[in-house]
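*Asks:* In case you want the letters, here they are:
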Amino acid sequence: MKTSRVPAMTMWLTLVFFYLPIAVLVLDSFNASRFAGTWGGFSFRWYARLWREQEIWHALRNSMLVGVAATVVSTVLGTSAAFALHRYRTRLQAAHYALIYTPLVVPEILMGMSLLILFVSLRVQLGLFTVFLAHVTFCLSYVTMVVLARLQDFDYSIIEAAMDLGADWRQALWRVLIPLLAPGIMAGALLAFTLSIDDFVTTFFVAGAGATTLPIRVYSMIKHGATPLINALSTLLLALTFLVVWTAQRLIRDNSGRAVPGGGERR
Amino acid sequence: MKTAPSSVREPPARRPDRWRSHEWIVTLPSLGWLLALFIAPTLIVFSIAFKPADLFGGVGPGWTLDTLRSLGNPNYPAIVWRTLWLSLATTAVCLLVGIPCGYYLARAPIRWRNTLVMLTVVPFWTSFLVRIFAWKHLLHPEGPVRRVLTALGLCDSAATLLYNPGAVLLVMIYTYLPFAILPIYAAAEKFDYQLIEAATDLGATRWRAFRSVFLPGIRVAIFTAVLVVFIPCLGSFVIPDVVGGPSAEMIGNKIAQRAFSDRNLPHAAALSALLTLAVLAPLIVAWGARNRSGRRAVPVQEAS
Chain A
1 MKTSRVPAMT MWLTLVFFYL PIAVLVLDSF NASRFAGTWG GFSFRWYARL
51 WREQEIWHAL RNSMLVGVAA TVVSTVLGTS AAFALHRYRT RLQAAHYALI
101 YTPLVVPEIL MGMSLLILFV SLRVQLGLFT VFLAHVTFCL SYVTMVVLAR
151 LQDFDYSIIE AAMDLGADWR QALWRVLIPL LAPGIMAGAL LAFTLSIDDF
201 VTTFFVAGAG ATTLPIRVYS MIKHGATPLI NALSTLLLAL TFLVVWTAQR
251 LIRDNSGRAV PGGGERR
Chain Z
268 MKTAPSSVRE PPARRPDRWR SHEWIVTLPS LGWLLALFIA PTLIVFSIAF
318 KPADLFGGVG PGWTLDTLRS LGNPNYPAIV WRTLWLSLAT TAVCLLVGIP
368 CGYYLARAPI RWRNTLVMLT VVPFWTSFLV RIFAWKHLLH PEGPVRRVLT
418 ALGLCDSAAT LLYNPGAVLL VMIYTYLPFA ILPIYAAAEK FDYQLIEAAT
468 DLGATRWRAF RSVFLPGIRV AIFTAVLVVF IPCLGSFVIP DVVGGPSAEM
518 IGNKIAQRAF SDRNLPHAAA LSALLTLAVL APLIVAWGAR NRSGRRAVPV
568 QEAS
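Those protein sequence lines, which keep their order, are chains A and Z.
For the record, in the first sequence the residue sitting at position 229 is 229 according to the numbering used here, with numbers rising by one throughout.
For the record, in the second sequence the residue sitting at position 2 is 269 according to the numbering used here, with numbers rising by one throughout.
Honestly, the hints are just simulated from the structure, not real lab data.
It is possible that part of the hints are untrue.
Per the computed footprint, the stretches of chain Z lying under chain A, defined by three or more beta-carbons under 8 angstroms from a beta-carbon of chain A, are [said to hold, decoys possible]:
1) 333 to 345
2) 348 to 358
3) 399 to 411
Chain A is nowhere near these chain Z residues, computed Cβ spacing over 10 angstroms in every case [what the hints assert, rightly or not]:
4) ILE311
5) THR427
6) TYR430
7) PRO445
8) LEU469
9) ARG475
10) ALA526
11) ALA535
Now the stretches of chain Z that chain A is said to cover, found in silico as 3 or more residues with beta-carbon under 8 angstroms [stated by the list, open to error]:
12) 297 to 309
13) 385 to 394
14) 541 to 547
We put the CB at the ideal spot given by N, CA and C, even for glycine.
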C-alpha cells in the first residue's frame, strides 16, 4: 500500500519548529555582538558577565534552598500517598486519588492565586517559606504519580514473605520496600526538583517582595530589557535541565527495561 | 494482590484492623496537606469574591456583591472572548499537527521511533520561561526572523511581529504541541493497522479509512489531547504577558494585574473563580463523555 507523505512532512517540520528557537538562542549566547541579527564572532563574554551578576547567584541560592526542601518533603508525602493508593482499594483512596490528580489539571495561575489568598487571609508573611509550601503542593502530585507507576509491577508477596520470616513492619519497610522502590522514588524526587527549580507562575504569586528565585529573576530580566545575558543564562539552564532529566529517565528505565517518555509530566 | 489469605496468618482476626490503621498513617499526610493547601484555598477564593477590598491591598470586613458586579466591566467580554478563541485555535492547530505526528511516530521503524519520541519530548523538559524568551528573541524587531523577512521583502520595516494575538497563538502552539502529540502517539501505537488495510481492501479510499477507522479508534486520546492543551491555555498568563502586550491580554493577565498592580484581591479572586468554573466545564464534559463511551463497547477495537 502506498503511504501518504503528509505525516512524515508534518513530523519533520514540527521538529524544526521545536528546535529552531532553542538553537538560535544557544547560538546567540556565544555571539559577541549584542544584536541578535548580526554575528560578531564567537565569544564567552556573556558567560563572563553572567559570572559577575550577584543577583543571579543570590536567586540561584534561593531556588536551590526551596528546591531541596520542597523535594524532600514532597517525596516523603508522595511516596506515602502512592503506597496508600496502591495498597488499599477503599472509598477513602478514591477520594485521595481525585485529590492528588486534580492539581495536575488545574492551571498554575489558579493554584498561585488561591494560595496567595490563603496566605493573605491567614496573615502569613510571604517569602521563601510560602514558596516552599506552594512547591510541595504541586510537586506532591507528580511524585505520587511517578512512584505509583513504579508500584504497578511491585510484588507484595515479597513483603508478606519478609514478615512471615519474622521482620516487623519497620524492617519490612526500610529493608525491603524502600530499597526496591528506590529508583522510582529517586525519579520522583528528581522530577520534583526540576519542577520546583523551574516553576515561575505559582512562585510569582506567593513569593512576595524579597524571595527572588531564579525563574523570578529571569522573568524580570526578560521583562526589562532583553540583554544577551539571558541567552547565556538560558543556555546554562537548558544544559542543567537536560542533565537532570536525562538522569531521571535513566532511573525510570532501569529495571523496567523501557523508557517512560515525559516521566509522567502533566499527563 | 490485596491482602494475603488470612488463614495463613498467625493472629488472623487482628490483621484487618492493623492494616486499617496503617491506611490512615500513609494516607493522612498527603490528604491533609492537599486539603489545607489545595481545597481550602480554592474554597476561600470563591468566598472572597463576595468580600469588599480594603485600601491596604487586603480584604475588608462584611459581604458585598460589588465585586461580582464589577465583572460587568465593558473590557471583560472582549478579554474572555479572546481567551476562548486563542485557546480553541491553539487546541485546533495542536490536533491538526498532533494527529499526523502521532501517526507518523507510531508507524516509524522501531529503531527510529525511540529517537523521534525523545526529540518530541525534549522541549517538555526545557524551562518554560526560556522557551518563551527564545520566541521573543526570534521575533524581536532586531531578531533574525524579522531580518530574514525584511530581506526577502515579505514584511516592511515598520511591521511588528511581537505584541499581537498572533504571536501569543504561535507561542501557545509551541508550548502545548508536545502535550497533544504524546497521548495521540500512545494510542496510535496500540492501534491495529490491519483495520485500515481491511477498509481499503473493501474499497475505501485512504482518506476515508483514516477518517472513519483510524480517528474513531484513537478517539479517547484525542479527548485527552484536547483537555491537556485547552485547559492550560485558558489559564495562560506568562505567554500573553511576554509576547502579547495590551492588545493580546487574556484572563490570566487580568488576574495578575488585579492582584499586584491594583492590589484588589477580591476582584482577582472573582476572576479566578470565573476561570475555575471555565476550567471545570470541559473537565466535566470529558468525564461524562468518557463514562458514556466506557459503557458502550468500542466496536472498532473489539473487531481485532
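*Asks:* Indicate, hint by hint, whether the structure satisfies it.
*Replies:* To see whether the hints hold, each was checked on the structure:
1. Check on the stretch 333 to 345 of chain Z: 0 of its residues sit with their Cβ under 8 angstroms from a Cβ of chain A, so the three-residue criterion for coverage is violated.
2. Judged by the Cβ-Cβ criterion of 8 angstroms, the stretch 348 to 358 of chain Z is not covered by chain A as claimed, because only 0 of its residues qualify and three are needed.
3. Under a criterion of three residues with beta carbons nearer than 8 angstroms to beta carbons of chain A, the stated coverage of the stretch 399 to 411 of chain Z is upheld, 11 such residues being counted.
4. Consistency note on ILE311/Z: stated as away from chain A, yet its beta-carbon is not over 10 angstroms from all of that chain's, at 5 angstroms minimum.
5. THR427/Z, annotated as away from the interface, keeps every beta carbon of chain A farther than 10 angstroms; the closest lies near 15 angstroms.
6. Every C-beta of chain A lies more than 10 angstroms from that of TYR430/Z, the closest at about 13 angstroms, which supports listing it as non-interface.
7. With a minimum CB-CB distance of about 8 angstroms to chain A, PRO445/Z fails to clear the 10 angstroms threshold, and the non-interface call is violated.
8. The beta carbon of LEU469/Z sits about 13 angstroms from the closest Cβ of chain A, which is more than 10 angstroms, so the claim that it is off the interface holds.
9. Look at ARG475/Z: its CB is around 13 angstroms from the nearest CB on chain A, clear of 10 angstroms, so calling it non-interface holds up.
10. Separation of ALA526/Z from chain A is inadequate, the least Cβ-Cβ distance of about 7 angstroms not exceeding the 10 angstroms criterion.
11. The beta carbon of ALA535/Z is not kept farther than 10 angstroms from every beta carbon of chain A, the shortest such distance being approximately 6 angstroms.
12. Judged by the Cβ-Cβ criterion of 8 angstroms, the stretch 297 to 309 of chain Z is covered by chain A as claimed, because 11 of its residues qualify and three suffice.
13. Residue count for the stretch 385 to 394 of chain Z with a Cβ under 8 angstroms from a Cβ of chain A: 10. That meets the three needed, and the coverage hint holds.
14. Judged by the Cβ-Cβ criterion of 8 angstroms, the stretch 541 to 547 of chain Z is covered by chain A as claimed, because 3 of its residues qualify and three suffice.
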